[in-house]
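Both chains come to you apart, so use the hints to assemble them.
Protein chains in written order, with the working numbering: chain A, 1 to 115; chain B, 116 to 227.
Note that these hints are calculated values from the structure, not bench results.
Every residue gets a Cβ at the ideal spot worked out from N, C-alpha and C, and that includes glycine.
Treat the hints with care, as some may be off.
[What the hints assert, rightly or not] Sample of chain B residues at the chain A side, in silico, Cβ under 8 Å:
| no. | residue |
| --- | --- |
| 1 | K118 |
| 2 | Y143 |
| 3 | P159 |
| 4 | L164 |
| 5 | A198 |
| 6 | L215 |
Each chain, letter by letter, is given below.
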Amino acid sequence: GAVVSQHPSWVICKSGTSVKIECRSLDFQATTMFWYRQFPKQSLMLMATSNEGSKATYEQGVEKDKFLINHASLTLSTLTVTSAHPEDSSFYICSARQGTNTEAFFGQGTRLTVV
Amino acid sequence: SQKIEQNSEALNIQEGKTATLTCNYTNYSPAYLQWYRQDPGRGPVFLLLIRENEKEKRKERLKVTFDTTLKQSLFHITASQPADSATYLCALERDSNYQLIWGAGTKLIIKP
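Chain B with its partners taken away, still in its complex shape (with noise of 0.2 Å):
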């Protein structure tokens, strides 16, 4: 079955430098991958979808990149903030039921 993977560990980054999270799935590339912002005690929030055929897509400070040989996606921050701080998971479609398979969420710190 598909699994994705993200990094657990927390991850610190300097204000003003580039964030970058990884996410990783392990069975079949999807159609398309997305990408949420979640802060404590709220609901995720959606940021990008890029689909299979698209390499990145950017918006404002956002970037993601789709490969799927290495079935893997990136996430990118440029120029972070400490309102930038907040766990990010990514998402892909599990079957045709509407359903999305969730990754566990890495944890952005970005510090001043």
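Isolated chain A, as found in the complex (with noise of 0.2 Å):
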């Protein structure tokens, strides 16, 4: 199946710093990817969808400026915690399609620590 690389695979870093983590398709272009959060024994919440070359779509409740979305190109997203708080910690995952009707591939996720 397709693979889809997520880096880093953990940070921890202060409160008020900015944490990017990237997310690429390395066997096939992704022109939608997805961002999820998780909390511990929880579903994975849906943040945005990001497209390539244009706007990312924020799911209701997600603060589209503190959480920034680019999707630069078909293989790269990039998703960017900024001024990140203690309850910014939690399991960031990124996944891509190829259409629907296909299953979804997930990168390793990302462990956030805010301190």
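Next up, the structure:
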């Protein structure tokens, strides 16, 4: 199957700083990527849909100015958590699909801890 | 709006037995349904996709059924092994924007 690579796998940052997470599709072109957030023992919560060459579509309640998404190429989407606070600590996962009626390929996830 | 319900209680199964997990949805019947496995600290991994016109789908020790009348999918692992221990998620197509709706997952524990 297709491979999605996410980096870093974990990061610890100080409150008030920004963190960038990268998501790459290694062997296919992903016009659409998805960013999720997952709390312990909870389901995947879709944060935004990232479209190559256009603005991301954010889910209700997700602050677009705090979670900046850039999808500059068909193989790379980035999520930047700006001015991070301890409540932003979570597991962030990216995903890509090659179309409807197909499976989703996930990155390894990034464990963000804000201290 | 469409919602997915999976048993939030962990499922404990003895090694060698068949594990059966349930996924119920509340609204319209999707064109297809998917099952994923997620290990702690990792992203989900795709297992099986079943279409609405398929009653059953198999892959090695895995079997998925899809009952649109009951609005339910069952996921079976036969001859279960401790390595099958993980959280299993089901997902449905949300709309035409490639988005998926996810269940909360059921944690499966296979005891040796």
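Mind listing which of the numbered hints don't hold for this structure, in increasing order?
-> 1, 2 and 5
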